[in-house]
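*Asks:* Chains as they are written, first to last, in the numbering used here: chain A, 1 to 480; chain B, 1001 to 1363.
Possibly wrong hints are sitting among the right ones.
Derived pair list, reagent style DSS-like, types lysine-lysine, alpha-carbon separation capped at 30 Å [said to hold, decoys possible]:
1. A:K213 with B:K1284
2. A:K441 with A:K6
3. B:K1009 with B:K1204
4. A:K330 with B:K1206
5. B:K1136 with B:K1220
6. B:K1220 with B:K1049
7. A:K330 with B:K1009
8. B:K1136 with B:K1077
9. B:K1049 with B:K1159
10. B:K1191 with B:K1220
11. B:K1206 with B:K1138
12. A:K330 with B:K1049
Cβ-to-Cβ under 7 Å is the rule here; a few derived chain A residues that face chain B [unchecked claim]:
13. A17
14. A20
15. G431
16. A432
Below, a sample of chain A positions facing chain B; criterion: calculated Cβ distance under 8 Å [stated by the list, open to error]:
17. S18
18. S44
19. Y152
20. G306
21. W313
22. A314
23. A329
24. S434
25. A438
To be clear, the hints were calculated from the coordinates, so they are not data collected in a lab. Remember, predicted model here, so these are calculated numbers, not experimental data. All C-beta atoms, glycine included, are put in the ideal place defined by N, C-alpha and C.
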Amino acid sequence: MDIIEKLRDIVGDRASASPAERLCYSSDASQVRGTPDYVVRPLSTEEVSDVVGLAAAEGVAVTARGAGTGLAGGAVPVRGGIVLDLSGMDRIVELDLSNLAVVVEPGVVQARLNERLRPHGFFFPPDPGSAAFCTIGGLIANNGSGMRAVKYGTTRNYVLDLEVVLADGSVVRTGSRTLKAAAGYDLTRLFIGSEGTLGVITGAVLRVAPLPKARRLVIASFSSAEEAGRAVASTFAAGIVPAACEILDRTTVAVLRRCDPGLRLPDGDVLLFEVDGSEAAVAEAAEEIAALCSASAASVAVVAGGEEMEEIWAARRLVGAAVSRLDPAKSRIYVGEDVGVPIKEIPALIREVAEISDRFGIPAMKYGHIGDGNLHVALFIDVLDEGEWTRLAGAADAIHRAAIRLGGTVSSEHGIGAARSGYMMEQVGSGALSVMRAIKKALDPRGIMNPGKLGLDDGPAEVGGSGCSTGADGTPGGTS
Amino acid sequence: MTQDQQEAKIDQRALEVCVRCGTCRSVCPAFEVLGWESKNTRGRVMVAKALGEGLAPDASVLDSLNTCTTCGICAAKCPAGANPPAIVQAARRGLVSQGIMTAAQAGFRAKVAGSGNTFGEVGDRLAWLSDAGAIKEKAEAVYFVGCLDSYRYPEVAAKTFDILRRFGVALLPDEKCCGSPLIRTGSSALKVIDENLRQIREMKAKTVVTGCAGCLSTLKSSYPPEFEVVSVPEFLAERLSVLRPRRLDLTVTYHDPCHLGRHAGIFDPPREVIKAICRLVEMKRSREDARCCGGGGGVRAGYPELSLEIAKRRLQDVPAGVDAIVSCCPLCIRNLSDAGAGVGAEVEVIDLVDLVARAIGPP
């Protein structure tokens, strides 16, 4: 019996080896490519366990995937094998709000969880731009976050317990439903951000937070992005912690206006500070931030919640993909898009990105979670121009190296995947990488769990540092 | 290059607009039911692109492309500004021009070619017309009935014409299918378009009024812009002061047909007409966010189970306590009815014209 028949014995017609599925599961939103041999859509932990058990017996790679919205190729099967599409495991199993907890399957979409929680006065804070379609499993596997990480932290702050299928098909739980636990190694955190290289997350107990009673938005515009960066550093130095602190450089503002001409944003490089809490607290914090910014800002305005604020945030969430609205001949390519630095280095990072953009002749839109040092750089090119791809790769590499040099990270929230695996040695150092490789070896001795990611494979450094090219078949992903 | 080949050519730039961000996963109605990435908008764009790079069009490729209802909610929500329904239609066209198609696609071609209508009906298209004297040689405006109302809802055709003729609107003597089912499923519609166009020109009509969302979309986008295309709800909304409908003690909801709403931007006129007659309560998702009935794009004929499942999910958006669902597209009405609307305790779907006819007196 061949493997597809054995897979069908486990999941029935939810296993496919058709050309269309193999193609459509060969990428995420990154430029990484790798074609799976099989796609399986399990609906239960038992099915996942059986599929992984089969893969172990057959020596076939297994790559877990949620909504496939990743930006680093984490869910791309660069060594072929089985893609496990977990988006069908989408039940919200239990709302246990007296314990501040919810129990979910990995395929639950972030926004759907929050829709369920809202009437109860709670929310799950990590809120990536892709909240309307990304899955909780993907968020956990990449330690995703979003705009409100400044105050609320990242996904890792909200996971109490995981159910994980290990590389031999066995099932373990990593934590408990308690808000505190001190019982041995923190396996929960080990699996958070492990990008499916150690096991497949099939369930999670999440901590939730009460919804704030009020929100307010301070919108300040500056004469330069660097100036805006300095205003962020001085706000934090004054002891104010907003819920969100975003930068939209002038190019980003132009794109947003193109998408929604009615959007009320000022000219210049713009900072958005969101404060949340009680009515009195947000009024006070908004006033303080406005006062601090007005020293260097060209304009400062305060929006008191409501529709206008929601519209600005909704537009902000999707701006990353919207750059071609400005120039239909240009497409956003997600490379070098997720660097982060310590907050005080933000002005230096912005300066370097501008220089790199000029040097390589690749226009860059800068936006993102500046309040936690995470700058999303949107590089956009004419994808039909081969020369632009080469310069793009150079620019992305330079941005990654600048972040490391400034004491920062090549990825703040999108993950390493295959696109950034070549930076792992430089990023974490040989000692730490050896520890990671030892852990990988212990949990996945045959190397079947999402191989080719995180720089965990022994031997020479992973392909290309830029993220523009990788793939098991050696094809240059970016130009294919 | 033949005209067919030209129309089947997909603009490379249009394909590159998609950055595979996945936004469409949250809205594609076919994907919501089927769950496979190839049955989602993003997957279909990948398939269309790969076809140009040598992907062999097997059954899985055909199913990927042909399960799209062309509802356009992906285009409405796409942050990058992609137009996936146009890409899907061009990809279908490319394959059909090479003779590669599903049985349902071939069926549309054979039926329209053989009978001039989408059902292969051989009967008189104007059988519903009681007064043959209504056929005129010349008219400023004509009523384009459409295949569905002609053959499946003749009473709606009769009621519509009864109202329209009060304003001098006439009928085409030998109307053919507008071409929509052919264009949506990748075939050339030039023959029927030419046939309809010839009659519209001969009648010297400046305005074409239609009560079918699919016909409206096709008349607007696939016919030369020599005449104004007006939907029945627009026509009625502009003449409320003349029609003077009486109030009915009813509460209804309104289903936005994709090709009337998102594709043509006609959201308010049907609502104005309804509100002039009775109470309107919106569906859970409406206007730009309205969910598809599942019938369009050839999906009703090609993938009936999928089509009905999409319709059933749409019915879940109906608010409690309404007396009827009103719509302005016979395909939506048919698909929602087949999915259970009007059966047992479920409220029925009626055409806007049904509602108006109840609220106005004879001429």
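*Asks:* So, for every hint listed, does it hold in this structure?
*Replies:* Comparing the hints with the structure gives:
1. A:K213 with B:K1284: Cα-Cα ~26 Å, so holds.
2. A:K441 with A:K6: Holds: K441 (chain A) and K6 (chain A) sit about 27 Å apart, inside 30 Å.
3. B:K1009 with B:K1204: violated, 34 Å
4. A:K330 with B:K1206: violated, 41 Å
5. B:K1136 with B:K1220: holds, 24 Å
6. B:K1220 with B:K1049: holds, 28 Å
7. A:K330 with B:K1009: Within the cut-off at roughly 21 Å; holds.
8. B:K1136 with B:K1077: violated, 45 Å
9. B:K1049 with B:K1159: Roughly 46 Å between the alpha carbons, so the hint for K1049 (chain B) and K1159 (chain B) is violated.
10. B:K1191 with B:K1220: Cα-Cα ~17 Å, so holds.
11. B:K1206 with B:K1138: holds, 11 Å
12. A:K330 with B:K1049: holds, 17 Å
13. A17: With Cβ-Cβ at 10 Å, over 7 Å, it is violated.
14. A20: Since the shortest Cβ distance to chain B is 4 Å, the answer is holds.
15. G431: Violated. Min distance 37 Å.
16. A432: For A432 (chain A), the interface hint is violated, since the closest Cβ of chain B sits about 32 Å away, which is over 7 Å.
17. S18: holds, 4 Å
18. S44: Violated: closest Cβ of chain B sits about 15 Å from S44 (chain A), beyond 8 Å.
19. Y152: Violated. Min distance 23 Å.
20. G306: violated, 20 Å
21. W313: violated, 14 Å
22. A314: violated, 10 Å
23. A329: holds, 7 Å
24. S434: With a closest approach of 35 Å, the S434 (chain A) hint is violated.
25. A438: violated, 35 Å
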